[in-house]
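Dock chains B, C and D with the ligands against the given chain A, drawing on the hints supplied.
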Amino acid sequence: MKFRVEPFLWLAFSGGGVMAAIFLPVLAFLFALAFPLGWLDPPDHAHLAAVVGHPITFLVLFGAFVMMLVHAAHRFRFTLYDGLQVKHRFLVAAVCYGGAFLGTFVALHMLGSAT
Amino acid sequence: MNDGAVVAAHDVLIVGGGLAGLRAAIAVAETDPTLDVAVVSKVYPMRSHSVSAEGGAAGVAAADDSLEEHIYDTISGSDWLGDQDAIEAFVHEAPRELLRLEHWGCPWSRQPDGHIAVRAFGGMKKKRTWYAADKTGFHMLHALFQTTLKFREVTRYDEWFVTRLLVDDGRVHGLVAVDLHTGRIQAITAKSVVLANGGCGKVFPFTTNANINTGDGMALAFRAGAPLKDMEFVQYHPTGLPFSGILITEATRAEGGWLLNKDGYRYLQDYDLGKPTPTPELRSMELGPRDRISQAFVHEEEMGRTLDTPYGAVVHLDLRHLGAELIDARLPFVRELCLKYERIDPVTDLIPVRPVVHYMMGGVHTDVNGAAGLEGLYAAGETACVSINGANRLGSNSLPECLVFGARAGRAAAEHASGATAAPHVVAAQAADEARRIEHDLLDRVPWEEDVSTIRTEMQATMEESAGIYRTGEEMTKGADRLRELQERAKRIGVRDTSRTFNTELVGALELANLLDVAECMLASGMQREESRGAHQRTDFPSRDDEKFLVHQLVTRDSDGTPRVEQLPVTITRWPPGERIYGR
Amino acid sequence: MADADEIADKITDEITDEITMRVARYRPDKDRDPGWQEYTVPQREEWTVLDGLNHVKNEVDTTLAYRWSCRMGICGSCGMNVDGEPKLTCATFLSDYAPGPVTVEPLANFPVIRDLVVDISDFMEKLPRVSPWIIRDEEQSVDDGEYLQTPEELDAYKQFSMCINCMLCYAACPVYGLEPEFIGPAAIALAERYDLDSRDHGARQRLDVLIEEEGVYGCTFVGECTRVCPKHVDPAAAIQRYKLKAAQESVKMFLLPRALRR
Amino acid sequence: MTGEAMERSATDTDLHYRRTPPVFWWTRKPSYFVFVMRELSSLFIAWLVLYLLLFVRAVGRGETAYADFLDWAASPWLVVLNVVAFAFVVLHTVTWFSLTPQAMVLQVGGRRVPPRAIIGAQYAALAVVSAFVLWLVTR
Ligand SMILES: Cc1cc2nc3c(=O)[nH]c(=O)nc-3n(C[C@H](O)[C@H](O)[C@H](O)COP(=O)(O)OP(=O)(O)OC[C@H]3O[C@@H](n4cnc5c(N)ncnc54)[C@H](O)[C@@H]3O)c2cc1C
Ligand code: SF4
Ligand code: F3S
Ligand code: FES
Numbered sequence: 000m001k002f003r004v005e006p007f008l009w010l011a012f013s014g015g016g017v018m019a020a021i022f023l024p025v026l027a028f029l030f031a032l033a034f035p036l037g038w039l040d041p042p043d044h045a046h047l048a049a050v051v052g053h054p055i056t057f058l059v060l061f062g063a064f065v066m067m068l069v070h071a072a073h074r075f076r077f078t079l080y081d082g083l084q085v086k087h088r089f090l091v092a093a094v095c096y097g098g099a100f101l102g103t104f105v106a107l108h109m110l111g112s113a114t
Numbered sequence: 000m001n002d003g004a005v006v007a008a009h010d011v012l013i014v015g016g017g018l019a020g021l022r023a024a025i026a027v028a029e030t031d032p033t034l035d036v037a038v039v040s041k042v043y044p045m046r047s048h049s050v051s052a053e054g055g056a057a058g059v060a061a062a063d064d065s066l067e068e069h070i071y072d073t074i075s076g077s078d079w080l081g082d083q084d085a086i087e088a089f090v091h092e093a094p095r096e097l098l099r100l101e102h103w104g105c106p107w108s109r110q111p112d113g114h115i116a117v118r119a120f121g122g123m124k125k126k127r128t129w130y131a132a133d134k135t136g137f138h139m140l141h142a143l144f145q146t147t148l149k150f151r152e153v154t155r156y157d158e159w160f161v162t163r164l165l166v167d168d169g170r171v172h173g174l175v176a177v178d179l180h181t182g183r184i185q186a187i188t189a190k191s192v193v194l195a196n197g198g199c200g201k202v203f204p205f206t207t208n209a210n211i212n213t214g215d216g217m218a219l220a221f222r223a224g225a226p227l228k229d230m231e232f233v234q235y236h237p238t239g240l241p242f243s244g245i246l247i248t249e250a251t252r253a254e255g256g257w258l259l260n261k262d263g264y265r266y267l268q269d270y271d272l273g274k275p276t277p278t279p280e281l282r283s284m285e286l287g288p289r290d291r292i293s294q295a296f297v298h299e300e301e302m303g304r305t306l307d308t309p310y311g312a313v314v315h316l317d318l319r320h321l322g323a324e325l326i327d328a329r330l331p332f333v334r335e336l337c338l339k340y341e342r343i344d345p346v347t348d349l350i351p352v353r354p355v356v357h358y359m360m361g362g363v364h365t366d367v368n369g370a371a372g373l374e375g376l377y378a379a380g381e382t383a384c385v386s387i388n389g390a391n392r393l394g395s396n397s398l399p400e401c402l403v404f405g406a407r408a409g410r411a412a413a414e415h416a417s418g419a420t421a422a423p424h425v426v427a428a429q430a431a432d433e434a435r436r437i438e439h440d441l442l443d444r445v446p447w448e449e450d451v452s453t454i455r456t457e458m459q460a461t462m463e464e465s466a467g468i469y470r471t472g473e474e475m476t477k478g479a480d481r482l483r484e485l486q487e488r489a490k491r492i493g494v495r496d497t498s499r500t501f502n503t504e505l506v507g508a509l510e511l512a513n514l515l516d517v518a519e520c521m522l523a524s525g526m527q528r529e530e531s532r533g534a535h536q537r538t539d540f541p542s543r544d545d546e547k548f549l550v551h552q553l554v555t556r557d558s559d560g561t562p563r564v565e566q567l568p569v570t571i572t573r574w575p576p577g578e579r580i581y582g583r
Numbered sequence: 000m001a002d003a004d005e006i007a008d009k010i011t012d013e014i015t016d017e018i019t020m021r022v023a024r025y026r027p028d029k030d031r032d033p034g035w036q037e038y039t040v041p042q043r044e045e046w047t048v049l050d051g052l053n054h055v056k057n058e059v060d061t062t063l064a065y066r067w068s069c070r071m072g073i074c075g076s077c078g079m080n081v082d083g084e085p086k087l088t089c090a091t092f093l094s095d096y097a098p099g100p101v102t103v104e105p106l107a108n109f110p111v112i113r114d115l116v117v118d119i120s121d122f123m124e125k126l127p128r129v130s131p132w133i134i135r136d137e138e139q140s141v142d143d144g145e146y147l148q149t150p151e152e153l154d155a156y157k158q159f160s161m162c163i164n165c166m167l168c169y170a171a172c173p174v175y176g177l178e179p180e181f182i183g184p185a186a187i188a189l190a191e192r193y194d195l196d197s198r199d200h201g202a203r204q205r206l207d208v209l210i211e212e213e214g215v216y217g218c219t220f221v222g223e224c225t226r227v228c229p230k231h232v233d234p235a236a237a238i239q240r241y242k243l244k245a246a247q248e249s250v251k252m253f254l255l256p257r258a259l260r261r
Numbered sequence: 000m001t002g003e004a005m006e007r008s009a010t011d012t013d014l015h016y017r018r019t020p021p022v023f024w025w026t027r028k029p030s031y032f033v034f035v036m037r038e039l040s041s042l043f044i045a046w047l048v049l050y051l052l053l054f055v056r057a058v059g060r061g062e063t064a065y066a067d068f069l070d071w072a073a074s075p076w077l078v079v080l081n082v083v084a085f086a087f088v089v090l091h092t093v094t095w096f097s098l099t100p101q102a103m104v105l106q107v108g109g110r111r112v113p114p115r116a117i118i119g120a121q122y123a124a125l126a127v128v129s130a131f132v133l134w135l136v137t138r
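Residue numbers (numbering that gives the first Met the number 0), protein chains in the order written: chain A, 0 to 114; chain B, 0 to 583; chain C, 0 to 261; chain D, 0 to 138.
Same shape as in the complex, but just chain A (with noise of 0.2 Å):
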């Protein structure tokens, strides 16, 4: 069998795919929409401090962000390049994948910073 890079391309974005249709939804309405218009009392900051900054926490949201991260990248490069017709194959990628790869190090950075 030939070794093509595709397959495990199309493994993170689904993976992605499912992280961010599961836990998106209640992360970003809670997060950007709840708490910030007062909608719910947004929760002391000790408590929340607590949460970001446990291990187990840290683990999940890096993986989560980081396959949501892929699943994005790939869904855009395809947006790219069928939808707007943006026909530089390589180039979309190397921007899409790049972006993603650079927001794993952000992901890390910022996730590190609360722990």
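Please keep in mind that the hints were generated in silico from the structure rather than gathered at the bench.
Glycine residues also receive a C-beta, built at the ideal position from the N, C-alpha and C atoms.
No false leads were mixed into what you were given.
Listed next, the in silico DSS-like pairs over lysine-lysine satisfying Cα-Cα at most 30 Å (straight line):
#1 A:K1 / B:K149
#2 B:K125 / B:K274
#3 C:K125 / B:K149
#4 C:K157 / B:K149
Negatives, chain B to chain C, calculated, CB over 12 Å:
#5 H424
#6 R491
#7 P541
Same frame as chain A, now just chains B, C and D with the ligands:
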């Protein structure tokens, strides 16, 4: 230049990409892999009309069945006009061919233990019809077509329309065809040519056949000097949808469907086809042979017991008692067709049906190996007449016929090609001639005095009137005169479409010429047969006459183009003519 | 049987409505670009779009070119874009487009040869690439009878064996339109049909083809192929399942230690 | 054969008319449009990941940073962006769930799990996860 230049040479050329043609192509490749074989087809192979066969393919498989019985059913079904040596060969080889198709991936319906399932079919004493739900032809053709893709040595000329065989000194050397994409008229030479062009239902106005079934193979052979055989035998299928003529397969009746007249009465019991039983009884009532059931319809109509529709009288096919589950499992396509084209659901509604022209028993005369009247020429499938079908084909015999005799013709053509020499130079002149004829007669003629569709419609009406389920000498003579006139008028057809690219009007004109020739042969042969046998029922000669007419009739082309009819004895080996008995 | 003229009379009596068909024309030897031509045809309940075209061909304009054959939705020749949607014209009724006009164009995404006739040779070349035939580790002679296959095993691939190669899915798939290298829905569905067939051992061989750039991973799951498929083949499902299968195989081959591979 | 007609005859595939889809092909059919919107959800997913990371960072930086962040997040343009992003996430979730059964055949005890059951199970998972997250952060 569009001058009929010879563009390619092959060892074996197959005309037709249906079941018979593709099977022949594989047979050539398997017989001698060094041979160069090509398939020329006017449509992509998977569009061939074999694709629409629904019901199934007969081959002895069940433990309680025997080759003898299949042979006997076929012979009596043929009203003793089938050649018994051919029928024996057919019945012996059919199961093997069907199994081969199984190995090639055909999704046959199965029994719970994984073995092939078989169903009942009209005129058959045992359950022996293999099926793939009710899309048997579709699955067979696609499995076979996809398998031929594996044989890289098979070249294909898709959408090439063959117009003429190249013949010199009684030997076939190739053909001339129009490449429809470019309009180029080109010659391809070969040492053997196999005709597998399918049937000619389009001779009639109301038929189950596809638009492409225009008898091209028969006309090609006829014009090249090869005889056609038993052309008077046209099978009417008892259950076609009104208006469209779309077939409702016999499998509906094999699964237990009933035919009802307008009073809801199972009228077949009045026509010596047995007594009604709640579950289907083999070789009885609705499972009688097609000729007899179609004839019963005509009598019902005469007695005013049919229903009127804008598209002629109909009776009803009743499947309601079979239930949705069985219909979905075994007859899903029938349900789909009814819902789509009649907007009725057979689970709850009666299906309106009427007899419809379905199949040609006759065709290019061949021996048991498919050899037609000229050296190097072979034929198989519906276009040929071996004959296993005689005066009436049993449903589900023709798909396996395509396989058995397609394979035989392929093998014989391969053997012939191994020994034959290349085409002589004279054929190039013939090809140029043909190119000139098409260019001049059809494409360059202005003004256009006649057009294709008018003549075609008149021809179809003529044939319906003179060669229907019941015929008389008088009607046929009148019809033949009409056809002569139409032949004359057809000479003045001009093709308005001057484009060389995909000129379907030109195709229509070429097909019409073929249809007219075939129609003339049917009537010429029919007039000579002064008896009633199988599908050929004459009210002026109502009984079978074995004394004079237990013979095939060969039609050849006279020098002036008119058909000449001769007789040929039927091969009878072990089964002397008897009475056809159904339902008792 | 009823007299042919009588039938014809009855039929003409019935004609009440008409519908305009806007038909795309392209004659490569005359036209630089495709144009439109309008025809008014009788609109009767049982008439399909194909019946309308046949009426035009027989009575109005003999030069119109299109393909058709079985007129019962099984040969796959008559696909065209009707009001922008890929359809089998023999299974699409004119009355559904009343009061009209109804536009008829050649199937999208394929080069046009002439009028409504498209060039599908691209598909015909791709099809053999996915080896759509039974591949066996060991051939068994026909003398030993059939390869057994239970009804359940048959059901596993039956749906994907229903493809009539009508090309509607290709006309509907934007990825194919943009990226003609893409092997495309029907060919992949057929690969899956053989992969799932219990008699076949050729999955590996097909995988090597379908894992390439123009194979399954080119599909972005638009799903239009399935929506337009007249035979309910669900090529979109075939492709996604294939992606999963190919990914599993890849993981097995290249990530798992040897001992854990099956 | 008359010369003139011959010159004009289609000799090859180069006379075929080739159509290339316009850049805005996806505005032509509602189903194409929904597809492109679904694909565009990727951008918003990426944005939300970034946003959540910023949120976490703010929490990590202490109480004031956290409060400032909440204020910043309530600024109108950000709210608009986040409402849109949330809508896209919902679109993603709904389409993802409904497409799963097509992409995956699950067998339980030799029987194929019906598509509805798969879809139902995913919503159940969504509910459980959401409830858990809610409990975790508001406990
Ligand atoms: C609706 C229907 C249902 C049927 N059901 C059954 C059934 O259940 N069981 C059964 O046993 N039989 C059935 N039959 C009969 C059976 O299907 C046919 O007899 C059989 O399929 C014919 O196959 P063939 O290979 O001879 O020809 P076809 O499949 O018709 O193929 C003919 C080929 O010849 C080519 N061709 C023709 N003319 C030219 C030309 N001039 N130049 C180049 N190529 C040309 C065509 O392109 C085509 O590829 C049915 C028939 C119909 C109409
Ligand atoms: S998958 Fe469906 S739409 Fe595509 S070619 Fe096959 S039958 Fe036609
Ligand atoms: S429409 Fe095209 S993108 Fe995939 S799901 Fe169907 S092949
Ligand atoms: S004409 Fe055969 S599918 Fe429409």
